[in-house]
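Protein chains: 4
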Amino acid sequence: MTDSTKNAAILLIHCQDKPGIVMTVTEFIHHNGGNILYLDQHVDGGRGIFFMRIAWDLAKFAIQREKIAEYFETLVGSRYQMTSQLHFSDTKPRMAIFVSKMPHCFYDLLARYESGELNVDIPIVISNHDKLRKATERLGITFHCLPISKENKPQKEREQKTLLQKHGIDFIVLARYMQVLSDDFVSDYPQRIINIHHSFLPAFPGGRPYHNAYERGVKIIGATSHYVTAELDAGPIIEQDVVQVSHKDSIEDMIRIGRDLEKIVLARAVRHHVHHDLLVYENCTVVFE
Amino acid sequence: MTDSTKNAAILLIHCQDKPGIVMTVTEFIHHNGGNILYLDQHVDGGRGIFFMRIAWDLAKFAIQREKIAEYFETLVGSRYQMTSQLHFSDTKPRMAIFVSKMPHCFYDLLARYESGELNVDIPIVISNHDKLRKATERLGITFHCLPISKENKPQKEREQKTLLQKHGIDFIVLARYMQVLSDDFVSDYPQRIINIHHSFLPAFPGGRPYHNAYERGVKIIGATSHYVTAELDAGPIIEQDVVQVSHKDSIEDMIRIGRDLEKIVLARAVRHHVHHDLLVYENCTVVFE
Amino acid sequence: MTDSTKNAAILLIHCQDKPGIVMTVTEFIHHNGGNILYLDQHVDGGRGIFFMRIAWDLAKFAIQREKIAEYFETLVGSRYQMTSQLHFSDTKPRMAIFVSKMPHCFYDLLARYESGELNVDIPIVISNHDKLRKATERLGITFHCLPISKENKPQKEREQKTLLQKHGIDFIVLARYMQVLSDDFVSDYPQRIINIHHSFLPAFPGGRPYHNAYERGVKIIGATSHYVTAELDAGPIIEQDVVQVSHKDSIEDMIRIGRDLEKIVLARAVRHHVHHDLLVYENCTVVFE
Amino acid sequence: MTDSTKNAAILLIHCQDKPGIVMTVTEFIHHNGGNILYLDQHVDGGRGIFFMRIAWDLAKFAIQREKIAEYFETLVGSRYQMTSQLHFSDTKPRMAIFVSKMPHCFYDLLARYESGELNVDIPIVISNHDKLRKATERLGITFHCLPISKENKPQKEREQKTLLQKHGIDFIVLARYMQVLSDDFVSDYPQRIINIHHSFLPAFPGGRPYHNAYERGVKIIGATSHYVTAELDAGPIIEQDVVQVSHKDSIEDMIRIGRDLEKIVLARAVRHHVHHDLLVYENCTVVFE
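Chains as they are written, first to last, in the working numbering: chain R, 1 to 289; chain G, 1001 to 1289; chain A, 2001 to 2289; chain W, 3001 to 3289.
Just chain R, same shape as in the assembly:
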């Protein structure tokens, strides 16, 4: 699944399912000179909801970029009471990383960034420790150390928000950031904070999933990336993966094995977010691939 065109529009839609939606949307694009590069649609029969991702080349499209959203809403969206998002493939999202001391997800994201695999700008890294300053700054990224305690949390979160605004941040990746964000903070970034949890959710939420997995004697461990919501470890799941373990694996082994899962599962979620591949509906994600 690739839409590598420099200049493409990406539209994500959902609405009550009704006859004629695909036809109407494709007519809108085709009749205005757009060449469809990608189309995927899904009807959730249980929920009765229509979902669609459609991308088209803007080279010969009759409607100006800044007018597309308005025209689409007027001519198509309002007819079906659609909820829609419009993105452009040539706009690079600006991503912030929040990290504590554990570096595996962090290093993995930076390596993808440095090698050009991740189509984002990363202007800033925020941490509650100073440990990863050097690894951040050597790539020319600003590093801010904001140690958080129970007492200073509201104050520090305000400082974080100021930094995020100053750097024009579109979304935040919690790369094993060992702090719980306040509801207030989370509500400012709906579906724009991605977390990696080190278990196969909903099994083992909370702070010690590998210990819990060991005690429960599971034969498989997992990792889950999800959007952060007010309820801890309960937001919409973007990606999950698992790996077999056995009685031979100690908690330390599980932590080690889990690291590789976590970094892959987080990176996949970031990729989906950056490519506008996913929609959230009723705390579930629709991931177009």
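It cannot be assumed that every hint is accurate.
In silico lysine to aspartate or glutamate, DMTMM-like type, Cα no more than 20 angstroms apart, as pairs [what the hints assert, rightly or not]:
1. Lys248(R) / Glu2282(A)
2. Lys1101(G) / Glu2117(A)
3. Lys3018(W) / Asp2040(A)
4. Lys3101(W) / Glu114(R)
5. Lys1248(G) / Glu3289(W)
By construction, these hints were calculated from the structure, which means they are not laboratory data.
Fit chains G, A and W to the given chain R structure using the hints.
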């Protein structure tokens, strides 16, 4: 992915990719009163080919069943030089099983058949041994034992074909049938003979894949279901799956572990075929899910 | 991992880890003329426990079968305060199946039984419905229909126990048996009742795991086989496996996809139990492979 | 599986299987005051070979480190004609990385190195391009750019060997190094050069496995880490893993998806090598876990 409607049309299309295909096809269905139940399309950028599976409810469709193919070809297909197949969800395909002595895939298919999981009729089982006669006949299925030797192969294959025609067979499943079909036989059933091969093709084609896997020291073994073509074990792959092994597994262990893979991978392929979920193009399959 | 010898002893041991255990056990076998066929040991560092499975050929073993347990306990076991079990490879366990209406695990077990893959005797099937009588009886297995209601449960469980004793049953397999066994019943068969649960435990215990998985929007579903204990779906896990799903999969799709997982995961657990491959310790299993 | 003790001996053994080996080896350790930390043994029934990995604490061991190999060979090894290797857990192997331009495996290894996950010293990186100099040198590792052409290959390989000797290199990791090493070079480092091949070997050896996978229409792609031998992509396999793909994945998608596989599979192999977890026998590996 479910189209459980009693009375639906399923259309599989491929052609050179051009602008407007999705719009044109959905207009054809929508303007004639068809309610689209499923739509998936894929453009193979490398090959420049457009693929589509679309299903719609026939309840209020203006065109009679027996005329749909003609109308579609005239009004849409010819315009894009499409290759298309039309199926109806209320038509149960008639399936023959070819089997030798190894019963695991055979038992698994029959259990799915008996429990109603497999939406087919199985009028006949053909084998080169008599071993599985009882297990066949207790489900009311006709069993034919046709022992094949080098000498009598052309004669026996003629008898097989006569039986297949007599029972109105649509497609054949080789459930670990230990005979190689002649090119002549294969060419009579293009994309209508499904085989299960006990390796992760193209690794280890031929008759002793588990022995070869053991000797090569692989850490993963697999199974592959594919359409049979003239070239042995080289037809279009429908499904593959794998399982981890280790140095602890002897050849016998691999054979045992592999049995479970084989039956699952074969059953998935049969399901895709029966549900008209797949297209073949240039010896590859497009499997809509 | 195979010990196919007709006449082998299999010893399962656990105790506090101390120096010299492996040496002492192997000396006991070797000095008495036993040829070791299999040896695997594991030290759980966190719990400080030593686990071992050792199998040896009895052909030239100096100690008579019925005396081995006593000699071992006196000469070795008591020294290390070992908990041990002794089994003989030529003893076929007697297994009962409990089933309701859903036949997939049931058919799968019977197919393995019929093809000789499962090294057990199955004298009896007990069900709360009559649906699978024919499929049972055609293999020469006794079928008992004992419909259970809230009111008659204690009475029916007494009847079940009488039947199990009469048929000399060693262990019970719940092949999607939709009844909760009473604590009383369970306590009569410690580590001798194997259940298949249709989720990746501890996620989604209870009666509607696929519905719960769909609502939570997980990207992977699983199945778990475990020994039954007093607490529902909380017994020691024997085997787990998972499969990827997506937003495209309805609850019905998950149920269908899950069936194949369930039967494989249950069959693997039965195999481990029958081959005396596993030990239970603190609600966890040690599975030697 | 962890032997984190500072001061442990690790012994890897293989020989013809005979009665009494485990007893004899454990007696040697136990009677000389060694506390066994890890023991795993495997008998390959098909090949008739006994394999063992055993580790013990040296704190109270009666035999001096530099004498252990000699004593073991005299007292035990020679009796069974064993092939054995002795390692010490407190010796850090010295590893060289060979890399070309593709950085994903390289970055992943360096991140593990930097975070202390990889118990090695990396004094030197050798490349045929200058691209990754900066990323190497910022970790204080020496970078050597040796561009190789058909003509200068013997000369450049001599220079490589000189560098490897100068830096006391124990083993080499080819992190997507796009050059074929000469037989001469390979024979100098038997079982000491680890390569990552970007396919599920033996499927798709050679230089374009993702292209070949796409053309063959496989539904699963893989990666294989192996020791380098004279025959290209045919050395003993250490680790393999796979991931599902579909018709939706272009060659570029496969390359991208494969990168994450490659780095994980290579890192696992390096870990096994560094921890002395594996033995090679008849072009197969025995990997103790």
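*Hint by hint, which ones does the structure fall short of?*
Every hint satisfied by this model.
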